[in-house]
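Enquirer: Sequence:
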Amino acid sequence: MKTHILSAALAIATLSGLLVASPAQARDGVSSGRTNRPSGGDGYAQVTVDFVSRTKVVFRKLKVRDLCPGDNLPVKARIVYKHTTGSWRTLPWKKDTNGCADKGSNFGNVTLSRSQSISAVTLELCVYNRKSDFHCVNTTTRYNQYVHPGR
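Residue numbers (the working numbering): 153 to 303.
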């Protein structure tokens, strides 16, 4: 009887260890941002960050959305990433030019793979107030757990 109880306890402990979040799960996740200006122009962007290795990140379900009121001015977002050397780089802008649409513009998955290690990533979101005036915000910076273990 003691053997069965001990075996059951060991099995539960083993399974419990498998269900605890690993460092990889702690650093990956959803990054989203919203910006608005009192004079008009609201925008929203969202992406799920998935660090695959020191040099590769997959951004899943990138979405950019122009929020009401419709002002016929685009909302744009771009992925910003940092190398371990300290230099920041950007990917091309993704724009929602659908106007005040419920679904926004969905850009699917974007894979970033570089020869240098990628230290951190963020999403920059900009909303236009007028054609030459825009306001930008950055989402929470996510750190690559393969580069920064324990951070």
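Among these hints, one or two may not hold up.
[Stated by the list, open to error] Think about it this way: if two alpha-carbon atoms lie no more than 20 Å apart in a straight line, the pair counts; the simulated PhoX-like pairs of lysine-lysine are:
#	residue 1	residue 2
1	K234	K208
2	K234	K246
3	K247	K208
[Unchecked claim] Okay, the calculated beta carbon distance ranges per label pair:
#	residue 1	residue 2	range
4	P244	G302	29 to 35 Å
5	R212	R266	28 to 34 Å
6	S205	W240	15 to 21 Å
7	H287	S205	40 to 46 Å
8	R206	C252	36 to 42 Å
9	G302	K247	16 to 22 Å
10	H300	T249	22 to 28 Å
11	N261	D285	17 to 23 Å
12	R212	C252	21 to 27 Å
13	T263	N290	20 to 26 Å
14	G302	K208	28 to 34 Å
No lab work stands behind these hints: they were computed from the structure.
C-beta atoms are modelled at their ideal positions from N, C-alpha and C, and glycine is treated no differently.
Enquirer: Are N261 and D285 spaced within 17 to 23 Å by their CB atoms?
Expert: 32 Å, violated
Enquirer: With 29 to 35 Å as the target window, see if P244 and G302 comply at their CB atoms.
Expert: 33 Å, holds
Enquirer: 16 to 22 Å was suggested as the range; check whether the CB atoms of G302 and K247 agree with it.
Expert: Check failed, 37 Å falls outside 16 to 22 Å.
Enquirer: Check the following: the C-beta atoms of T263 and N290 are separated by a distance inside 20 to 26 Å.
Expert: 21 Å, holds
Enquirer: When you take the CB atoms of G302 and K208, is the distance between them in 28 to 34 Å?
Expert: 20 Å, violated
Enquirer: Does K208 sit within 20 Å of K234, going by the straight-line distance between their CA atoms?
Expert: Answer holds: K234 to K208 is near 12 Å, not above 20 Å.
Enquirer: Within 28 to 34 Å or not, the Cβ separation of R212 and R266?
Expert: Distance hint for R212, R266 is violated at roughly 18 Å.
Enquirer: Need the status of pair K234, K246: alpha-carbon distance at most 20 Å?
Expert: 19 Å, holds
Enquirer: If you check the beta carbons of R212 and C252, does the distance land in 21 to 27 Å?
Expert: Holds - the Cβ-Cβ distance for R212 and C252, about 25 Å, lies within 21 to 27 Å.
Enquirer: Just tell me: holds or violated, for the beta carbon distance of R206 and C252 against 36 to 42 Å?
Expert: Given range 36 to 42 Å: holds, Cβ gap about 41 Å.
Enquirer: Starting from the range 15 to 21 Å, see whether the pair S205 and W240 falls in it by beta-carbon distance.
Expert: At roughly 20 Å between Cβ atoms, W240 and S205 fall inside 15 to 21 Å, so the hint holds.
Enquirer: Mind checking the alpha carbons of K247 and K208 for me, to see if they're no more than 20 Å apart?
Expert: 24 Å, violated
Hint compliance for this structure: hints 3, 5, 7, 9, 10, 11, 14 are broken, all remaining hints hold.
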